[in-house]
Every structure is written in structure tokens, then in C-alpha cells.
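Asks: So the chains spell out like this:
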Amino acid sequence: MKDFSQLKKNLKKDFYGLKAIKVAVLGDSATQFLVQALRGEGYEKGFDLQIQEADFNQIERQVFDPSSELYEFKPEIVIVFQSSHKLLGKYNKLKPEQHSLFASFELESMTNIYLALAKNAQAKIIFYNYTEIDDAVFGNHANKTESSFLFQLRKLNYELMLYASQNTGLFLCDISSIQNQVGKANFFHTSVYINTEMVLSIDVLPKVAARTVDLISAIHGTIKKCVILDLDNTTWGGIIGDDGLENIQIGNLGIGKAFSEFQYWVKKLKNRGIIVAVCSKNTEAVAIEPFESHPDMVLDLEDIAVFIANWENKADNIRHIQRVLNIGFDSMVFLDDNPFERSIVRENIPGICVPELPEDPADFLEYLYSLNLFETISFSFEDTERTKLYQIEAKRNLVQQKFTNEDDFLKSLNMISLVQPFNKFNTPRVAQLSQRSNQFNLRKVNYTDADIEALALSENHFTFAFTLEDKFGDNGLICVVILQKENCQCVFINTWLMSCRVLKRGMENFVLNTIATFAKEKGFRILKGEYLPTAKNDMVKDHYFNLGFEKNNDYWELPLINYEQKKSFIKIR
Amino acid sequence: MKIEDILKQVNDIFIDTLDNDQVIITEATTANDVEEWDSLTHIQLVVAIEKHFKIRFTSKEIQSWNNVGEMLTCIQEKGV
Chain U
1 MKDFSQLKKN LKKDFYGLKA IKVAVLGDSA TQFLVQALRG EGYEKGFDLQ
51 IQEADFNQIE RQVFDPSSEL YEFKPEIVIV FQSSHKLLGK YNKLKPEQHS
101 LFASFELESM TNIYLALAKN AQAKIIFYNY TEIDDAVFGN HANKTESSFL
151 FQLRKLNYEL MLYASQNTGL FLCDISSIQN QVGKANFFHT SVYINTEMVL
201 SIDVLPKVAA RTVDLISAIH GTIKKCVILD LDNTTWGGII GDDGLENIQI
251 GNLGIGKAFS EFQYWVKKLK NRGIIVAVCS KNTEAVAIEP FESHPDMVLD
301 LEDIAVFIAN WENKADNIRH IQRVLNIGFD SMVFLDDNPF ERSIVRENIP
351 GICVPELPED PADFLEYLYS LNLFETISFS FEDTERTKLY QIEAKRNLVQ
401 QKFTNEDDFL KSLNMISLVQ PFNKFNTPRV AQLSQRSNQF NLRKVNYTDA
451 DIEALALSEN HFTFAFTLED KFGDNGLICV VILQKENCQC VFINTWLMSC
501 RVLKRGMENF VLNTIATFAK EKGFRILKGE YLPTAKNDMV KDHYFNLGFE
551 KNNDYWELPL INYEQKKSFI KIR
Chain R
1001 MKIEDILKQV NDIFIDTLDN DQVIITEATT ANDVEEWDSL THIQLVVAIE
1051 KHFKIRFTSK EIQSWNNVGE MLTCIQEKGV
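The listed protein sequences derive, respectively, from chains U and R.
Going by my numbering, 504 is the number at position 504 of the first sequence; the sequence numbering is gapless.
Numbering-wise, my numbering comes out as the position in the second sequence, counting from 1, plus 1000.
It should be emphasised that the hints constitute simulated quantities derived from the structure, not laboratory data.
From a predicted model like this one, the values you see are computed outputs, not experimental measurements.
Be careful, since some hints might not be right.
Calculated pairs, SDA-like style, for lysine to any residue (alpha carbon to alpha carbon, straight line, at most 20 angstroms) [stated by the list, open to error]:
hint	chain 1	residue 1	chain 2	residue 2
1	U	Lys-2	R	Thr-1041
2	U	Lys-9	R	Thr-1041
3	U	Lys-257	U	Ile-194
4	R	Lys-1054	U	Lys-12
5	U	Lys-520	U	Gln-420
6	U	Lys-395	U	Phe-381
7	U	Lys-13	R	Asp-1016
8	U	Lys-12	R	Lys-1051
9	U	Lys-9	R	Asp-1016
10	R	Lys-1051	U	Ile-194
11	U	Lys-551	U	Tyr-563
12	R	Lys-1054	R	Asp-1005
13	U	Lys-184	R	Phe-1057
Work out the full structure, taking the sequences as your base and the hints as a guide.
Replies: Listed below in C-alpha cells is the structure:
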């Protein structure tokens, strides 16, 4: 990690071409260095953070005045940093009988700040939480004395978590965790505080900035989705091929503990929606053995979405994993104890994150914790099911390799699709798919649940939601089409979007057959489509051309009179 | 350590912290003589010097120096 003076040097670099984000920083202590560190760290992560720094201790004035500089600036992100030192100052000024209510007062004032920001700014709001200060007035007894500062501070942090869990526009940046990692003596530097009113030491600034930029990146959709594991000496101690099943190290003894705890960590990641893949230099049967027969293994084969063990080069294997999962290299993390493998992967696969694991496996976890690799801003039920979907996809891939003829492969899948208009059961998923589909999306429109309900009732719109199931499993609802009546002759394809999970299954043909037949039966003569380019939907620029539409100015048209059904291997349920 | 040797090392810290390799300081140099040396970079310099020599200044000391020479003496008095 770069230190503060290195981050500061970034400020002189060329920010041209980096993603510009407007950030407002409001603090109750001096924030000049923090702002420099944030901008410098933003540069490291590809952001041009354009930061407006409010004058010192102006939080209330900026927040509660709708005509303040803050709102004029129109920030996309607002960071509110109220320090524990100022918190202690407020506590000190209260009468002792009010101390027990201190956290409640503070929470109320913070929710007022949040609500005013949410009302007046179209921004995501980040609050820093409170680092612990034990004023040692009660000693250990502070833990059972409600009126103590430590009790109230911890309560406030807890209440803030509860409040944030109910308000999707509010994010907490956990600087208290940073203090736990580095220790208070390193987090807070008395002479810096006395001389500058800054509560962050010079050394901790890069860590606070990194943690904040992690959150900003996640808000902007940059997240890690997959962890790829090496096996020997990474997932277990020893080399399975040489040492044999009985002698690899996992379990409760000695260094085995480190590997078991590492596996529990990976399992928790998997449970929260991170895809786990294995990439190992081994004979496959040998590599699989511990997963099947070692009593102390924490990870099961079921936890692994893609399992690759062979003697090929790891960069090629990771490219294969990428093709199966169809996610960007920049959303993958590769964990391998071997510096040689790490460097091959790092050099050949641009964008992939390859942490420099410490030499001693005992240090793996503490090191990985400190990197905060898996920042996210949401967690839902679908995340917990993700591995299953990708495992099915991997199986499909394997079967496909055995077929030389694509049609034979598609036929063998026994695909079935359920086609329904929008209804109250599929509305949430239709809305979610419209928000998440960026690549296969002819005209990018984000629909909310309410929009979908309105469309379902509209007389001028015809809605279609497609599912796709095959012999390997159910992909769920994966395609959405909205037709819009233009006149009695012509119907316009207002929306056509599809999940990239089901590319190359002939779904496009099936969908066109379905909507063309429908439109023809309704008496329309022309099906009209449009492609509106965005930064991400290049893959469908020739979509209508490929389906036989003819170009007519900015639109694409297909006469329905002599429509011939396109080849498709999908059956209607 | 001799004052001249401390000066040399402190000069390197100035160059790195102020990100300006033209900076040359002497015992007589004051904050007014160096463009980038303001109250904020001052604290950054102080922390960098503390780290380099593995010493700690008191808050009073940090505000007491009138020129580089006084700072060097203060460093030397800490047994550097």
C-alpha cells in the first residue's frame, strides 16, 4: 500500500480519462489531508474524485440549508466524518444525568443529517463510524455502566448499523475496524491532532482513504465476484500428489488450523454469493480426493462452481474459468501460495487481482482481512444461490465440448421455456433483470417494480417474460420483451433484454418466433425494432440484422405476412 | 550525529515530503524560504522526521522552532 506522501504525489498526475465522481466531504475535524489521500487513492483505482471540502465544522450549516454550496455542487457521494474526539467533547459537556441518553441524542442528530441529505441531494451518503476511545473513567466497569462514554459510543455504532440496515441510501465506512487492525497508537497521533486538528495520523490516512474508495467503487459497480483457489499449500498444507490423503495438513492440529480457518473463510464468501473456483496443477482424480474423503475438509465439491485440475498453464485455465462464468477478469481474485504461478497469472491476465500471500500460511487470513477485497453494497437471497447456477453452467459447458455439432448439443439440452405476461409473481425479477442487464439490452431502460405493474395494465403494451429450463437445471426468468402498439399496422419492440447466462442457446430465435406469432395473430403487419447504443451493449448491435430485419432509417423492420419460423430447439411449456 | 549529517538527512526528507528535488535547506532556512512549506506540510515533515530518526517530538517542541537549525538541535538533543 502506498504511503501518504506517495498518494500526494498522485495529485500531480494526469487524471484525464479517469472516471469522474463528485464527492463532498463534511467533517467536524480538519480534513485537508484526508481529502488529499482520497483523491490520491482514487487515482490508484481509476477514479478522478472531484472533491468539495466543506469548511471545517460546517456540517449542520451545509446540510440543513437547501441553498448551501454543498447542494449547489451536486455531489454523487457525500462523506460525513464526525470524529470520536468531537463525540467525546460533546459527551463531556453534558450533565451526568444525560449521559445515559447520549447515544440516542446523537443517533437522532445523525438521522436528521441523513434525512436532509437524502432529501436535498441525489447522492449516496457515507458516514464514518466511531473509533473507540476508552476514557478510563470507569475502568472495566464501563462495560456494565450505561452512562459511561465507552458504553454510549459502542451503542451508537450499533444503532448506526441498525439504522443503515434499514436505509438503502446510507453506507457506513468502518474506520473503527481500521483502528482495530492498526491499534489506536497508530491511528491517532497526538501531536498531529494538537497542531492541526486532524484526528487521523499520517500513517493511517492511506488505509482510511482505501476503505472509503472501496465503498465508492462498489457503489459504482466495481466488485469482486469470484475467488480462484490453488489447492496444494493454499487450501491445505502439503502436496496431495506426493504426501497422500493422510498426510496433508488440515484440521485442529498445528498449521492445519490455518488451512481449516482459511477454508471456513472461503465457505462464508461462497455463502454470501462469491463464486469459488479451483485452479490446481494436479491430476484431477488426485485433487478431488480430499474433497470427497478427507474428514477435516471444510469446503465441499458443492461449494466449487468450476473445478480445474490439470497440468496446463494457470493463465490458460483461468481464461477457461472466465469463459464459463462470463464475468470480467477484474472481478476475479486468484489465491496461490506460489510466487511463480502468481506472477504468470498477473502478467498474462490484465485486471485480475493476485494478492501477494505471505510466506507463512499462518498469516494468510490476517493478510487477506486487511485487503478488504470483497466490498459490496447489497446482499440478497439470490446471492446465496449463485454458485448452483454457475455449477450448472459449467456442466453444460463440459457436455457441449463432447458435441461437434451445435444443433445436436442444443437438442440434447431438452430446453423448455415458460412464456407469461408480467404478473405480480414475476414483477420483482423483471424489474431486477431490467436493472442488471447492460450487455444484451437493445434499448437500455431501467424499470422499477411500479413501472412494471403499470405496463402490465397498459392497453397499448404487450409484455412477455421468458424462463429457460433444461436438463441441467432451471435458469429462472432470463428474458423480457415489451411490445408497444404504434398503430394498427405496426408494433414496436420497446424492450428486449436478456441475461447473458443463456447466450448461444437459440433463445433469440425462440423469442422472435413467439412475439412474431403473437403480433401476427393480433393483426399487425410489421414488427419494428430499434438499437440504442450504450457503453456496454455493443454485443447486440447487429441483433436485428442477424434476425432478418431490414433497416429503415434509424429503425429495423420485419414484415410479418410471410414470417417463417426460425430454427429453435426450445419448447413452450 | 553531527549537525551537518542530520541536516543532510533532513534535507532528503524535505525533498521527498515536499516532492521537490530542488529544495536545499540550511540551518538558517525558515518556512518563509520554502514555497511548499506551510503549516500542513510542516506536520507532515515532522512526522517523517520522527519516523526516520525513531524519535518523538513534544507538541511544544514542534511549535517552538524558528528555523531549521533549531529543529536540528532538537533532533540532536534526543540522542540522534
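Asks: Would you mind marking each hint as holding or not holding in the structure?
Replies: For each hint, the structure was consulted:
Note on Lys-2/U and Thr-1041/R: the hinted pairing holds, with a Cα-Cα distance of about 18 angstroms set against a maximum of 20 angstroms. Proposed proximity of Lys-9/U and Thr-1041/R is supported: the alpha carbons are some 13 angstroms apart, at most 20 angstroms. Of the pairs offered as hints, the one joining Lys-257/U and Ile-194/U is violated, with about 45 angstroms between alpha carbons and a cut-off of 20 angstroms exceeded. Between the alpha carbons of Lys-1054/R and Lys-12/U the distance comes to roughly 30 angstroms, so the proposed pair goes past 20 angstroms and is violated.
For the hint linking Lys-520/U to Gln-420/U, the alpha-carbon distance of about 18 angstroms falls within 20 angstroms, and the restraint holds. Taken as a hint, the Lys-395/U and Phe-381/U pair is broken in the structure, with Cα atoms around 23 angstroms apart against an allowance of 20 angstroms. Between Lys-13/U and Asp-1016/R the CA atoms are separated by roughly 16 angstroms; this keeps the pair inside 20 angstroms, and the hint holds. With a C-alpha separation of about 25 angstroms, the suggested pairing of Lys-12/U with Lys-1051/R is violated against the 20 angstroms cut-off.
Only pairs whose Cα atoms come within 20 angstroms are accepted, and Lys-9/U paired with Asp-1016/R is accepted, the gap being roughly 10 angstroms. Of the supplied pair hints, the one linking Lys-1051/R and Ile-194/U holds, its CA atoms being roughly 18 angstroms apart against a limit of 20 angstroms. Using a Cα cut-off of 20 angstroms, the hinted pair Lys-551/U and Tyr-563/U holds, with the two alpha carbons roughly 17 angstroms apart. Distance check on the hinted pair: Lys-1054/R and Asp-1005/R sit about 16 angstroms apart at the alpha-carbon level, within 20 angstroms; holds.
Distance restraint check for Lys-184/U and Phe-1057/R: the Cα-Cα separation of roughly 18 angstroms lies within the 20 angstroms cut-off, and the hinted pair is therefore satisfied.
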